[in-house]
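S.K.: Next come the chains, spelled out residue by residue.
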Amino acid sequence: MNDEQLDDLVRDADPYRSSGGADPSLLEEIMSVPHVPSRRRLVGAFAAAAAVTGVIGASVLLPDRTAPAPVAGPDVVLNTPAAVPSSVSTGGQGAGRQLDLAYAVRTPRLVIDESGWELQVIYGLTDGTGSVTYEKGDRNVDLSWYRADYYPSYLEDRSHTGRPVATRVAGSKAKIFTYSRRDFAVMLDPRDGTFVEIRVQGGGVDRAFVEELLTRIRQVGPDEFLAALPPEVITPGEAREATGKAVAGVPLPPGFDVDGLTPDGAYTPWQFRSRVAKGVMCGWTGEWVRAVEATDAPAAETAVAALRGSRNWPLLQDQTTQANWTVHIWQLIDELDPRKPRDFENQLGCDR
Amino acid sequence: MISPEERFRRVYAANFEAMLAYAMRRVEQPEDASDVVAETFLVAWRRSRDLPPDDEMPLWLYGVARRVLSNHHRGGARRDRLGERLRQRITSLIAVDPGHEVPQRLAVRAALARLPETDREVLMLTVWEGLQPREVAEVVGLSAGAVRTRLSRARARLRELVGDDAPTPGHVLDVLTATVPEEGR
Chain W
217 MNDEQLDDLV
227 RDADPYRSSG
237 GADPSLLEEI
247 MSVPHVPSRR
257 RLVGAFAAAA
267 AVTGVIGASV
277 LLPDRTAPAP
287 VAGPDVVLNT
297 PAAVPSSVST
307 GGQGAGRQLD
317 LAYAVRTPRL
327 VIDESGWELQ
337 VIYGLTDGTG
347 SVTYEKGDRN
357 VDLSWYRADY
367 YPSYLEDRSH
377 TGRPVATRVA
387 GSKAKIFTYS
397 RRDFAVMLDP
407 RDGTFVEIRV
417 QGGGVDRAFV
427 EELLTRIRQV
437 GPDEFLAALP
447 PEVITPGEAR
457 EATGKAVAGV
467 PLPPGFDVDG
477 LTPDGAYTPW
487 QFRSRVAKGV
497 MCGWTGEWVR
507 AVEATDAPAA
517 ETAVAALRGS
527 RNWPLLQDQT
537 TQANWTVHIW
547 QLIDELDPRK
557 PRDFENQLGC
567 DR
Chain B
-12 MISPEERFRR
-2 VYAANFEAML
8 AYAMRRVEQP
18 EDASDVVAET
28 FLVAWRRSRD
38 LPPDDEMPLW
48 LYGVARRVLS
58 NHHRGGARRD
68 RLGERLRQRI
78 TSLIAVDPGH
88 EVPQRLAVRA
98 ALARLPETDR
108 EVLMLTVWEG
118 LQPREVAEVV
128 GLSAGAVRTR
138 LSRARARLRE
148 LVGDDAPTPG
158 HVLDVLTATV
168 PEEGR
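Chains as they are written, first to last, in this note's numbering: chain W, 217 to 568; chain B, -12 to 172.
Think of the hints as simulated: they come from the structure by calculation, not from any bench.
Here a beta-carbon is modelled for each residue, glycine too, at the ideal position from N, C-alpha and C.
Mixed in with the good hints there might be a few duds.
[Unchecked claim] Not the full set, but computed from the structure, chain B residues with beta-carbon under 8 Å of chain W:
#, residue
1, R(-4)
2, F3
3, F28
4, V149
From just these sequences and the hints, can you work out the full model?
M.R.: Right, here's the structure in full:
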């Protein structure tokens, strides 16, 4: 038996048989897991107000199905909190203030004590995960925090890039990984159920720059953390009212609970509205499922029509320039099979 | 320029089948392949801003999958929450096709299982994944020359195990059939 015949024999013993193409549900599951934050620019509006502070962030655009269970989290803010007067800070009043404080207490509160960093995105959940992105010129800092039980897998993943350098950040042990000459990731050891990763990239960024930046990151108290957030950020104390405004002009499913839509945490407006939009879409999808199972054809048609009409929802009108998510969702809506609401529900990532 | 998210979608679509095949060829229980595929693409997703060029992606993914599989075999942490639907799909595929495997195939697989791990991997990457020696070298971290040496050794050993006669239709190789695991469950 020559090599060719032997290889044929092995080839014939291949246990794999085609599975019928890429699995869409796994793709969506994976993309709902926080990853190394991507640089997202919020068009102009937030930049001016946040001349000084940053909060960390890790970055899923929308609520993920695999979201970790609630745990306490690290709070990180970048910049000179003292330079941001509380009168212009974000936050609720009265009972809303208490909600904000309760949120801040559970968040890792790190600030960068250096002026000039502009907050681009905050996506801070109350379950111990979140993300904040800052920019200063062509430099970019992402602060992300994750549940502590993800730490080993993240560490293993980052370790593929090479040996880390030990350091300390805001009193915690940390490791600096070098992704490239201008791109670094700093993983803080887990604390209080979460760990923080700081990604620093951009022009002129080198190891010395990163090490200097790390010395300026410090942990602050809840009040200082909240005061450092720019006014555009929607905090838990403001979220309910903001949800009401967000759904104005949006058709809602029968018996829909608007209060149940309110995202939990602190968000820049785009992140907030997209979460609300997804909640409404899931509401319509649930109605579609119900209608199909009840063989209620008119109701099913109404639900599908509502989803297809989401391109006209006011809350999605001004975020299309940056919204990969909406582009993707609308593609799914264009391709949905009216007979298969469960498939769409899975693709959208709705909780059942 | 496409976004990292869109790039990842394309990478996923272009490489899913190959990664699933790679995993299913190497796990004992086919449905466990979903863990390997999920973890492999999760690594790619986390690196979605730093992925290699398209023409380097398959080899890079094979390298990641190889490490993931190594952890899998060591009983390392699994992302049970990811890939559950894929697992169900694989299970249903297997259920539909109970896999009345030709004994000859089972015998060849049993023979493969007796090769040294790296030699076996080199042979499988060559024949099943269709990689060239220099590509195999990149995935397993050897020189191309070392790969050729191991490939030659693997073929020789396999030939010993399955018998040197060229296979004929209907011929049942008599290699270790008694120890063949329950393939295709």
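S.K.: May I ask which of the numbered hints given earlier this structure violates, with the numbers listed in increasing order?
M.R.: Nothing - there is no hint that the structure violates, so all of them hold.
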